[in-house]
Every structure is written in C-alpha cells, then in structure tokens.
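Chemist: Could you build all of it, start to finish, from the sequences and the hints given here?
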Amino acid sequence: MKLEKIIIIYFFLFSSLFANEKNIELTEIYKNLRCLICQGQSIADSNSDFASTIKLVVQDQIKEGKTKKEIYDFLISKYGEWIVYQPTFTKNNLLLWVLPYLILAFGGFVIYFLVKKNRHTKGN
Amino acid sequence: MKINISKIIIFSFVIFFLSIFWLGLKKDNNYDTKNFIGNKISNFQLSSIYNNDYISEEVLKKNKFTLINFFASWCAPCRTEHKYLINLSNKNKEFKILGISFKDKKKNSINFLNELGNPYNFVAEDADGKASISFGIYGIPESILINNELVIIKKIVGPIDQKYYEEILQLIQ
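Which chain is which? The protein sequence lines are E and L, in order. Per our numbering, the first sequence starts with residue 539, numbered consecutively. Per our numbering, the second sequence starts with residue 16, numbered consecutively.
The hints are simulated quantities; they were obtained by calculation from the structure and are not laboratory data. C-beta: ideal position from N, C-alpha, C; glycine also. It is possible that part of the hints are untrue.
Said to hold, decoys possible - Capping the alpha-carbon separation at 27 Å, the derived lysine-lysine pairs in DSSO-like fashion look like this: (1) K616(E) x K22(L); (2) K118(L) x K601(E); (3) K616(E) x K41(L); (4) K606(E) x K145(L); (5) K606(E) x K55(L); (6) K121(L) x K593(E); (7) K616(E) x K118(L); (8) K22(L) x K601(E); (9) K98(L) x K108(L); (10) K655(E) x K98(L).
To be verified - Ranges between beta-carbon positions, derived for each pair: (11) K606(E) x N54(L): 14 to 24 Å; (12) N123(L) x W620(E): 24 to 34 Å; (13) N123(L) x S590(E): 13 to 23 Å; (14) E72(L) x D587(E): 19 to 29 Å; (15) L637(E) x Q185(L): 23 to 33 Å; (16) E130(L) x D587(E): 20 to 30 Å; (17) E602(E) x K22(L): 55 to 65 Å; (18) K22(L) x K601(E): 22 to 32 Å; (19) L637(E) x D176(L): 39 to 49 Å; (20) N105(L) x Y623(E): 13 to 23 Å; (21) K120(L) x K606(E): 26 to 36 Å; (22) V648(E) x N54(L): 45 to 55 Å.
Modeler: Shown next, in the form of structure tokens:
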C-alpha cells in the first residue's frame, strides 16, 4: 500500500515536471518569434489572431517531435528571417555576432595597458 | 608631431558606430514578401467547403497559373477585392482561382459567395488557420499567384485593387 502511494506521488511529480519543461520550451520559442502584425511584440506577448495561429502550429510541430531549429527554419522559410528575434549566423550579420567579443577583447587590452602604464609611472 | 593613438582609436570607433547607425536607419525593416517570389509552395491538402472533396498541390500542377486567395465572410477588404476576382475568373482557360476560407464558418463563407458571386474554381476550408501558415499568410485578404511548377510568381498582401488586377492579367497572359 505504501509502495503504491509512493509510485503515485512520483508519477504526478515527474509528469508535472515534464509538462513544465514542455511549457518552458514552448514559451522560449514563442518569445523568439516576432508577431508580424503587432508593434514590437513577440508571439508570447500577443493575443492577436496571427499569434494564436502561430502558437497552434508550434504546438503541433513540438508534438510531431520537431526540434526548435526545425520549427524556426520552417517559419523562416515561410515569413523570412524577420520572424525570429535571434538572427541566424550568416556572412551578412557576421559583424553583429563577432563585434561584442571584439569590443570585449579590445576593452580588456585597454585596461591591461592602462594598468601596466600606471604601474610603470608609479614605479618611476 | 606626436600622434595620439588613443584619440585616433576613439575617433575611428565613433566613425564606425555612426556609420553602422546610419546604415541601420537607411535599411527598410518593414515586413516584405518580395523575397518569396521564386519559392515553391508547400504540399497541402484541404477539404472543400461544399462537400467531402479534397484539393492538394497535385491539382494545381495541372493549371498553368493558379491564384490562391485567402478570404473570409467577416473580412471587409475581401468584399472590396471580390469584384476583381470575379473579373479575373474565366479570363484565361489555363488560369484557375483557389479560394481558401480562412477562420470562417462554412455556412458564412457559402452565404458570402452566394451574395457576391463565386469566382473560385475550388473553395477550400482552413477553419483554424493552421494551413495559412504553410502559405506564409499573416492576415487576410492575401493572394499568391503560382505557376504549374508551384513556384510563387506574385504575392499580394491586402486586397487586390486595379493595379494588382492589371498586374495579374499581364502575368497570366
């Protein structure tokens, strides 16, 4: 009897955890999709007709076992790159992806040389 | 003359960022469908609003040109474009029009066509709107002109007007 209770509790616990995981994945996808007919809203934020249809399609594709990338690729093929907030890596947006790291590295070098220079002048 | 390297670096950064902003402002960020011309439409299967018949992309391959038009009885601009669709129907034997009733009740779509006339060679149903996503539709009315290889020749967002009507006529000649 005790074992049965434990099994039931475990079943509910894990099923709810699994459901939450799926919901998190759905919300994550919705948040990265732009509502094309709304002003600056994502599919997650919008209750428009377009957003609700996209949500249904995403849910269907998740049920079919499609990956996040496959879903994005499908929607990009239908609506263009504009539908996703996070652009895919292409040679056209290479700078967009690389620039923050370059600036970070440059900032590091500047700080390093300034500290070095400061120490040098103090030493003198 | 001593060259101040840090000033040159800061100056080049300012110029670099200003040119990025300038390019960004010049770029048109409005959603545009012109990039979809030349793409193929996906496979689909939709049921008729009148009976249990189905239509798929295979049927459209038989027509030299097909205009796929998304409409609904609740859509006011669909009423304004309807006269152009009527004029387009039977213009050319090799040109057919597929109407897709978008998020509408069958009864209302049928009444709409009874009232304004039926320009479509086949009227299919997309009750939940999911099929429209496969066509890249994001509002109605929207129309897609394809050839017998299912390649998009023209995509019209919004109602067909005189300008679009003449453009379609030219394309299907």
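Chemist: All the hints need checking, so say for each whether the structure fits it.
Modeler: Comparing the hints with the structure gives:
1. At most 27 Å may separate the alpha-carbon atoms for a hinted pair to count; K616(E) and K22(L) exceed this at roughly 48 Å.
2. As the CA atoms of K118(L) and K601(E) are separated by approximately 22 Å, the hinted pair is consistent with the 27 Å bound.
3. Pair hint K616(E) plus K41(L) holds up; C-alpha atoms about 25 Å apart against a cutoff of 27 Å.
4. For the suggested pair K606(E) and K145(L), the alpha carbons sit about 18 Å apart, so the restraint of at most 27 Å is met.
5. Between K606(E) and K55(L) the CA atoms are separated by roughly 23 Å; this keeps the pair inside 27 Å, and the hint holds.
6. Among the hinted pairs, K121(L) with K593(E) is consistent with the structure: their alpha-carbon atoms are about 23 Å apart, no more than 27 Å.
7. For the suggested pair K616(E) and K118(L), the alpha carbons sit about 19 Å apart, so the restraint of at most 27 Å is met.
8. Distance restraint check for K22(L) and K601(E): the Cα-Cα separation of roughly 57 Å exceeds the 27 Å cut-off, and the hinted pair is therefore not satisfied.
9. For the hint pairing K98(L) with K108(L), the CA-to-CA distance comes to about 19 Å; that is within 27 Å, so the pair holds.
10. Of the supplied pair hints, the one linking K655(E) and K98(L) is violated, its CA atoms being roughly 78 Å apart against a limit of 27 Å.
11. Checked against the given bound of 14 to 24 Å, the beta carbons of K606(E) and N54(L), roughly 23 Å apart, stay inside it.
12. Checked against the given bound of 24 to 34 Å, the beta carbons of N123(L) and W620(E), roughly 32 Å apart, stay inside it.
13. Roughly 20 Å separates the CB atoms of N123(L) and S590(E), a value that falls within the hinted 13 to 23 Å.
14. A beta carbon spacing of about 25 Å between E72(L) and D587(E) agrees with the range 19 to 29 Å that was offered as a hint.
15. Checked against the hint of 23 to 33 Å, the C-beta distance between L637(E) and Q185(L) comes to roughly 45 Å, which is inconsistent with it.
16. Look at E130(L) against D587(E): about 24 Å separates their beta carbons, and that is inside 20 to 30 Å.
17. As the Cβ distance of E602(E) to K22(L) is approximately 59 Å, the hint placing it in 55 to 65 Å holds.
18. The hint said 22 to 32 Å for the Cβ distance between K22(L) and K601(E), and at roughly 60 Å that hint is violated.
19. In this structure the supplied range 39 to 49 Å holds for L637(E) paired with D176(L), their Cβ-Cβ distance being about 44 Å.
20. Checking the proposed 13 to 23 Å range against N105(L) and Y623(E) shows it is violated: the Cβ atoms sit about 46 Å from each other.
21. Separated by about 35 Å at the C-beta atoms, K120(L) and K606(E) satisfy the suggested range of 26 to 36 Å.
22. Under the hint 45 to 55 Å, the C-beta atoms of V648(E) and N54(L), about 47 Å apart, fit the expected range.
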